[in-house]
Amino acid sequence: MEQSLSSQVVNLLAAFLLLLAFAMLAQRRVLTLIKLFAWQGAALTASTLVMAYATGQHHLYYSATLTLLLKVILIPWILHRLINRLQIRWDIETLINIPATMLIGIGLAIFAFALATPISEMASGLTRATLGIAMASLLLSFLMMIVRRKAVPQVIGFLAMENSLFFAATSATYGMPLVVELGVALDVLVGTFIFGIFFFHIRDEFESLDIRHMEKLKED
Amino acid sequence: MEIALVLGFPLLGGLLLALFGHKRWAPELNALMSLFTLVAAAALTRRVITGGPMAALEEQFFVDPFNVFLVALTAFVGFTTALFSRPYMRIEEHHGRLNAARLRLYHSMYQLFSFTMLLCLLSNNIGILWVSLEGATLATVLLVSLYRTPASLEAAWKYFILCSVGIAQALFGIILLYFAAEKIIGPGGTSLLWTHLYAVRDRLEPTVLSLAFVFLLVGFGTKVGLVPLHNWLPDAHAEGPTPVSAVLSGLLLNVALYAVVRCKVLVDGALGRNFSGDLMMGFGLLSVVVAAFFLSRQKDIKRMFAYSSIEHMGIVTFAFGMGGPVAAFAGLLHMTVHSLTKSAIFFTVGHATQKTGTQNMADIRGLIEQSPAIGWGLALGSLAILGMPPFGVFTSEFLVLTTAMHEHPWATPFLLVALGVAFAAIFGKVQPMVFGETNLRRLPHAPALIPVFVHLAIVLMLGLYIPPYLVEWYRQAAAFIG
Amino acid sequence: MANTAAIAFQILQSVFVVLAAPLLLGWANQCRAWLQNRSAPSILLPYYTLAKLFHKDAVIARNASAVFRVTPYVVFGCMWLAAGIVPVLATDLPFAPAADIIALVGVFALARVFSALAAMDIGTAFGGLGARREMLIGFLAEPAMLMILFTAAFISGSTQLNTIVETLAHREFAIYPSLAFAAAAFLMVLLAENARIPIDNPTTHLELTMIHEAMILEYSARHLALIEWAVAIKLFAYMTIGIALFLPWGIAEAGNWGALPLAFAALAVKLALAGAGLALLETLFAKLRLFLAPEFLSTAFLLGVLGILTHFLARG
Amino acid sequence: MEPLASPLLDSLVAAVSWLVIAALALVPAGNAFFARRLAFPLGALIGLALAGFGLQAIWLPTQQMTLPLGLPDLPFHLRVDPLAGFFLTLLGSVSAGISVYATGYFREETAGRLALIGLQYHVFLASMAFVILADDAYMFMVAWETMALSSYFLVTTDHHLPAIRSAGFLYLLIAHLGAIAILLCFGVMHGGQGDYTFDALRAADLKPQWATVAFVLAFFGFGAKAGMIPVHVWLPEAHPAAPSPVSALMSGIMLKTAIYGMIRVTYDLIGNVHWEWGMLVLVIGAGTTLFGVLYALMQHDLKRLLAYHSVENIGIILLGLGMSMVFVGFGHPAAGALGLIAALYHTLNHAVFKGLLFLGAGSILHATGLRNLNDMGGLIHKMPHTAFYFLVGALAISALPPLNGFVSEWLTFQTALQASILENGVARSLLPLFAATLALAGALTGMCFVKVFGIAFLGRPREPRHAAPGAAGDHGHDAGMMERFGMAWLAAGCFVLGLFPTSFLLMLNRVAISLTGHGLREGAVQSNWLWLVPIESERASYSPIVFLIVIVSVTLLTFIVVRRFYHGRLRYSDAWGCGYSELTARTQDTADAFGQPIRHVFGPLYLMQRHMPAADDAAPKFSLKIEDRHWYWLYLPVARLAEYVSSKIALLQQGRISIYLLYSFVTLIALLVLVR
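Protein chains in written order, with the working numbering: chain W, 1 to 220; chain Y, 1 to 482; chain E, 1 to 316; chain C, 1 to 676.
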């Protein structure tokens with residue numbers, strides 16, 4: 001009985017995660033985008049905790065705290081600092097207009113579910129459908145990276161992708177081995193720092209973070 | 001023990017150079033650490049050849065002929081490249097393209113980069129493999145953007161975004177792998193250990209693994225530079241410092257391909273049919289053909305050889321995709337000779353560009369007249385990479401082509417066209433650079449050309465005679481790749 | 001296989017041909033003169049001319065090289081050899097195997113090449129012009145000749161002239177369409193090779209139209225005599241080849257000396273007719289423009305090829 | 001191994017010692033003393049030795065051995081059989097003459113260049129030897145490509161000239177494509193279990209269609225090296241570009257290795273020959289023959305002209321080969337053997353006289369610095385020796401008796417005359433047509449060499465500026481001692497091959513037996529040295545000795561008679577100008593003028609750009625440019641196609657990171673769909 005309850009909670013959180021993914025896809029303002037990202041992290045932490053509690057996998061507690069520190073607190077904070085320092089206030093322009101993006105996103109989500117169902121069948125009872133949701137949000141953040149035109153949202157998209165991966169790792173399986181998660185976390189952190197450094201360099205060189213300025217290297 | 005050394009030296013070197021990388025003797029230190037790594041790798045190799053496969057640190061590390069040969073190769077090319085980068089970087093500094101701080105960054109990152117690659121090769125844990133590969137990406141991103149020019153920043157940014165995204169897909173694939181393995185091995189650390197997965201590979205869930213392989217192939221394939229995931233590669237090679245280009249196409253691509261092959265083995269075991277092989281053959285052919293046609297349009301010399309790397313990676317992927325002892329043998333051999341030849345070419349190209357002050361091939365002329373060593377090095381290197389006997393590249397291409405002609409005749413026309421176009425393109429551009437009148441200036445530091453000719457000599461030897469222990473080594477590796 | 005009598009006979013025959021050749025030329029000229037209502041010169045005129053030339057002092061250009069002086073002898077030698085190979089009176093020629101029809105064509109080519117080289121040796125405009133035109137004729141006449149001979153060779157299954165003649169002479173009389181083609185082609189080649197109308201005019205000295213004369217423009221005295229003589233022998237040889245191929249009846253068989261007088265008579269009649277025919281042709285036709293010569297000869301070439309083809313089609 | 005003699009081992013040693021010389025040539029000692037004085041003579045000696053071993057090999061049974069080199073399962077296999085022996089003889093004997101010549105020719109080179117030339121030259125020789133000795137696909141390919149590479153570097157010796165660079169590029173490109181085709185042919189033939197020895201390839205039995213694929217690949221692969229149309233374009237560019245001894249090597253020997261490869265693959269490795277293949281070879285051969293000679297007639301660059309004649313002669317060889325294949329395919333091995341012998345004999349002959357001619361051209365170039373015939377003239381007075389050797393070569397290549405060119409063409413004709421034994425009506429009536437082509441080509445060759453010799457050596461210097469004292473053409477000294485010796489060697493070859501064909505015929509008969517299992521008929525084999533009787537004495541016979549004796553004696557007789565009964569009085573005067581007062585040297589025919597009738601007759605074949613001077617032209621100028629049509633219907637379109645494709649492919653990469661991400665995304669989705 002408890003199992004089912006916790007599984008319901010996890011599924012709920014998964015749904016929330018997917019919702020957030022769509023929200024990010026639709027979001028125009030960069031600040032809100034960061035907020036949403038933080039929320040995603042929070043949902044991730046919650047689901048990890050539930051999983052840990054339900055399955056008694058202790059290392060999941062560690063990864064939950066890790067997530068909390070990294071993705072709810074640290075990275076959003078860094079991003080905030082960045083956009084303050086860089087005075088990024090503009091709205092986000094997209095390549096394709098939002099509704100179209102949303103439609104594509106929905107299509108992707110359906111595709112992901114269709115792809116994941118046969119696998120979810122054999123997943124342990126606790127984590128039905130979560131794999132599909134993870135895949136869906138993965139594809140969604142990928143889509144977001146494609147359609148965004150500025151550097152920062154692209155990076156946020158990348159981080160969101162990281163989140164969905166993490167979610168897949170924790171919920172679909174009972175969490176990856178701790179050493180791996182630590183490694184992943186490290187990479188993400190370093191990655192974020194480097195991104196940060198890059199923002200400054202790019203801004204200095206191109207007077208803007210619009211990646212349209214970075215289309216010089218090509219075949220002509 | 002050896003493993004610890006192999007990993008320890010570069011890590012130590014990275015830390016030391018992070019502190020002293022700006023000193024005058026930093027380049028020597030860099031080369032020294034690489035030398036130590038090489039020695040350790042050699043010891044490890046001896047041990048594995050004599051003692052057979054071995055695991056260490058509760059199986060977190062695993063060494064078998066396949067990866068130990070790549071370890072040795074990586075350590076060797078890492079060392080020679082360090083030798084080459086000594087005068088090269090000094091000249092760059094002398095030309096004012098770099099300052100002390102950047103040099104420090106360069107040296108420490110160089111060591112860290114080789115550390116991550118070696119870790120990736122040695123790790124038995126697929127998760128760690130992923131982590132270190134991502135680490136390699138991060139390290140090289142900094143190296144590519146070393147000059148801080150707009151072009152180099154753009155290249156680095158593209159490299160960073162594309163590879164990170166790609167490798168994220170790979171991570172999802174790994175998760176799926178874990179997901180499948182967990183069912184059989186149960187939760188916990190061992191389920192990601194390659195050896196364990198290998199043991200149970202025929203019991204893993206086929207549908208999951210086929211799905212996983214797609215993600216893994218797209219992920220690692222991005223780093224291998226398979227068309228159409230290759231777009232970061234030419235930019236990164238062209239804009240980074242030449243030693244970095246050398247190790248990128250000489251080593252990093254190999255390592256990424258190594259990851260793909262490791263996964264292929266598992267998937268094949270699970271699926272029983274050659275699903276993964278077909279995918280790899282497809283990607284390989286596509287890469288070979290597309291890269292060949294790109295080659296003919298290049299103006300920037302480093303960019304051109306970057307495309308040639310894509311082409312050769314395509315050939316190797318195709319060979320591994322075909323499978324079978326001969327093809328796998330050829331693939332491994334081709335990995336070796338390609339990284340040796342290509343790095344040698346980049347060495348000569350580096351000095352040539354320093355002499356002329358441009359990477360634009362139209363402005364590089366008459367190398368043989370002014371500096372015969374560089375000129376002949378470039379000419380012979382290019383002919384070698386184009387598959388001219390008696391150089392070793394021909395050996396592997398011979399095996400690949402004849403096997404392909406026999407097993408997949410449909411593929412050979414594409415290969416024929418691609419090789420022809422590639423030959424016309426590269427040779428047609430190299431010839432005027434090495435021949436004819438000259439317009440070169442002298443260099444402030446004597447160029448390091450020993451590495452070039454050492455590499456070419458080894459490649460030449462491999463074309464005429466492959467030492468038996470090497471053969472044995474390849475055989476074991478090929479046998480397990482299947 | 002070569003018994004002394006046969007050898008002696010072959011030598012005699014070749015000598016006879018060499019000596020008799022100018023007579024044929026004289027006879028042809030005489031007939032032509034008659035046909036053109038001129039009072040004919042003596043039939044022996046060619047001999048007088050040769051004698052006169054031999055007595056004169058030779059004059060050659062200063063920058064003449066050895067090639068120039070060797071050529072007359074080489075050409076003469078080639079023609080003599082050719083005359084020796086062709087079975088004129090009897091087919092029992094021990095040396096004939098030394099050179100078959102292909103070699104025969106080769107001999108004529110050798111002579112042509114040398115005379116062309118000699119023509120270019122002095123370095124005058126006309127020498128080069130003559131040489132060029134001569135080679136132009138040659139490069140079409142030679143293959144045509146080969147094709148004609150091949151037709152005969154295919155019929156008789158041999159490339160040796162005497163064997164061919166024997167088989168052709170022995171066969172029961174039957175019309176070979178292939179031989180008809182060959183004969184037509186041969187006539188054209190004969191005219192071209194011997195510098196007769198309609199390709200060339202042996203009597204012209206109008207520089208712009210002449211071919212053979214332009215080549216020998218620089219020769220005088222004994223050199224000229226040798227060349228003229230060689231021309232005569234060439235004509236004689238060609239005619240006897242034609243006779244041997246297309247109407248060989250009456251020629252003496254191997255070892256059958258009794259038949260010789262008859263063969264001699266037959267030959268005399270045939271040659272007389274041939275000479276008269278030549279004269280007639282030269283009277284009836286006008287000289288072609290030089291650029292029509294290739295067409296004329298390629299027709300001959302095609303006829304020869306057709307001859308071979310019809311041989312096979314008729315057979316299989 | 002053989003107890004008495006081991007030609008295989010010996011020739012291996014010879015080839016290796018060539019490599020040693022190559023290595024030594026690079027060693028700098030003073031002004032490259034070794035490279036300058038010793039390398040080439042030693043190379044010549046080795047060549048002679050190699051020729052001897054080759055002769056042995058023809059008569060001894062086949063020998064095999066392996067070297068501990070090469071691929072793991074595939075150490076280098078070596079083998080000599082009569083075929084290989086024959087080609088070793090060719091390589092050795094011809095290269096001997098050329099090497100001697102080279103000693104003199106390269107005398108004035110600077111030390112550095114000389115060292116490189118010495119290296120590449122001998123590597124080239126050695127690689128050719130290894131091509132012939134190789135007994136497995138891998139070693140063959142290695143030797144083959146090494147040959148291409150070394151010759152490429154020799155061709156580009158004067159790489160500061162753009163024309164030479166592009167010539168070299170074209171050469172290596174086509175050579176490489178051909179090599180890939182050959183490689184694929186081996187791929188088709190090999191059994192699949194990674195065994196590439198020729199024995200394995202022989203053993204593998206192919207389905208007919210695969211056999212045909214293999215043959216076509218091999219035919220065009222080797223044809224690209226042999227210079228048959230339409231893959232000949234590199235040849236007239238590369239041969240003139242190279243230094244003359246190298247041109248001689250390439251044209252005389254390297255092209256023949258391609259013939260060797262064709263024979264090896266077709267008769268030996270594939271085995272059962274289809275007559276359709278023979279027809280293909282015949283058609284291409286005929287085209288090559290005519291094309292070669294007709295374009296040669298248009299040239300005024302001497303070496304280029306000779307190069308086109310190499311194309312023609314390759315065509316003649318192909319004709320013989322094709323006839324042989326047709327006969328073998330229809331099950332007439334005896335006639336097939338005759339054709340093969342004719343082809344091989346012409347291979348040898350062409351090697352000798354074309355080598356000789358290129359050396360002669362080299363001497364002219366050395367003496368006068370001229371390659372353009374239109375500037376030459378009267379050279380026979382300045383360089384009589386060269387003139388004589390060149391004349392011998394010219395008569396030989398024009399297939400005039402009693403020299404060697406005539407013998408092989410005679411044999412080819414005899415093969416064609418066997419046509420009547422064929423059952424298939426088409427083939428039977430086609431063969432004579434190819435014979436006709438050959439006849440035409442022979443006559444045209446004669447014309448072409450009358451032009452060459454007449455214009456280069458006879459007459460008067462055409463261009464006053466070259467004849468003027470101190471000008472390039474003026475100090476035309478004759479060839480040096482060494483050069484003469486080299487030419488004399490090859491000229492002697494022309495005579496020997498022309499006068500004693502029967503002994504060579506028996507030699508080649510063994511080769512034919514070893515390949516087709518049949519030789520000539522009994523009547524032929526027991527023919528004595530005097531009479532060349534390929535089939536039986538009634539059918540055809542030819543005795544060059546008698547021929548020569550008769551013609552010489554008759555000529556002498558005439559001379560003596562004339563001198564005896566008349567006189568030898570001689571007066572010199574100016575040439576008679578036909579009434580025209582001044583005969584400047586420029587009124588002589590030029591090379592282009594000499595070819596004019598041919599241009600007129602075969603006009604459509606050429607791509608001509610002609611500029612005729614107007615009547616009222618102050619400085620009348622006549623210019624003529626003949627181009628190879630193949631460029632326009634084959635090569636340029638291909639190049640343009642490649643250009644087009646790459647321009648389209650370049651659109652893949654327009655620098656937008658979003659698009660790049662999209663590629664990855666689409667690939668991912670597509671693959672996922674695929675998996676579903």
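Fair warning: there could be bad hints in the mix.
[Unchecked claim] Examples of chain C residues toward chain E, derived with CB under 10 Å:
hint: 1; residue: Leu365
hint: 2; residue: Leu417
hint: 3; residue: Ala419
hint: 4; residue: Leu438
hint: 5; residue: Ala441
hint: 6; residue: Phe495
hint: 7; residue: Thr516
hint: 8; residue: His518
hint: 9; residue: Arg569
To be clear, the hints were calculated from the coordinates, so they are not data collected in a lab.
Even for Gly, the Cβ is constructed at its ideal location relative to N, Cα and C.
Going through the hints against the structure:
1. This hint is violated: C:Leu365 has a C-beta 21 Å from the nearest C-beta of chain E, more than the 10 Å allowed.
2. Nearest Cβ of chain E to the Cβ of C:Leu417: about 6 Å, under the 10 Å cut. The hint holds.
3. Hint status for C:Ala419 relative to chain E: holds, with the closest Cβ pair at about 8 Å, below 10 Å.
4. Because the smallest distance between the Cβ of C:Leu438 and any Cβ of chain E comes to about 9 Å, under 10 Å, the interface hint for this residue holds.
5. A hinted interface residue such as C:Ala441 counts as satisfied when its beta carbon comes closer than 10 Å to some beta carbon of chain E; here the least separation is about 9 Å, so the hint holds.
6. The criterion of a C-beta within 10 Å of any C-beta in chain E is not met by C:Phe495, whose closest approach is roughly 15 Å, and the hint is violated.
7. With its C-beta approaching chain E no nearer than about 23 Å, C:Thr516 sits outside the 10 Å limit, and its interface hint is violated.
8. Among the interface hints, the one on C:His518 is violated; its C-beta lies about 20 Å from the nearest C-beta in chain E, farther than the 10 Å criterion.
9. Restraint check, C:Arg569 versus chain E: the minimum CB separation of about 5 Å is within 10 Å; hint holds.
Violated hints, listed in ascending order, are 1, 6, 7 and 8; each of the other numbered hints is respected by the structure.
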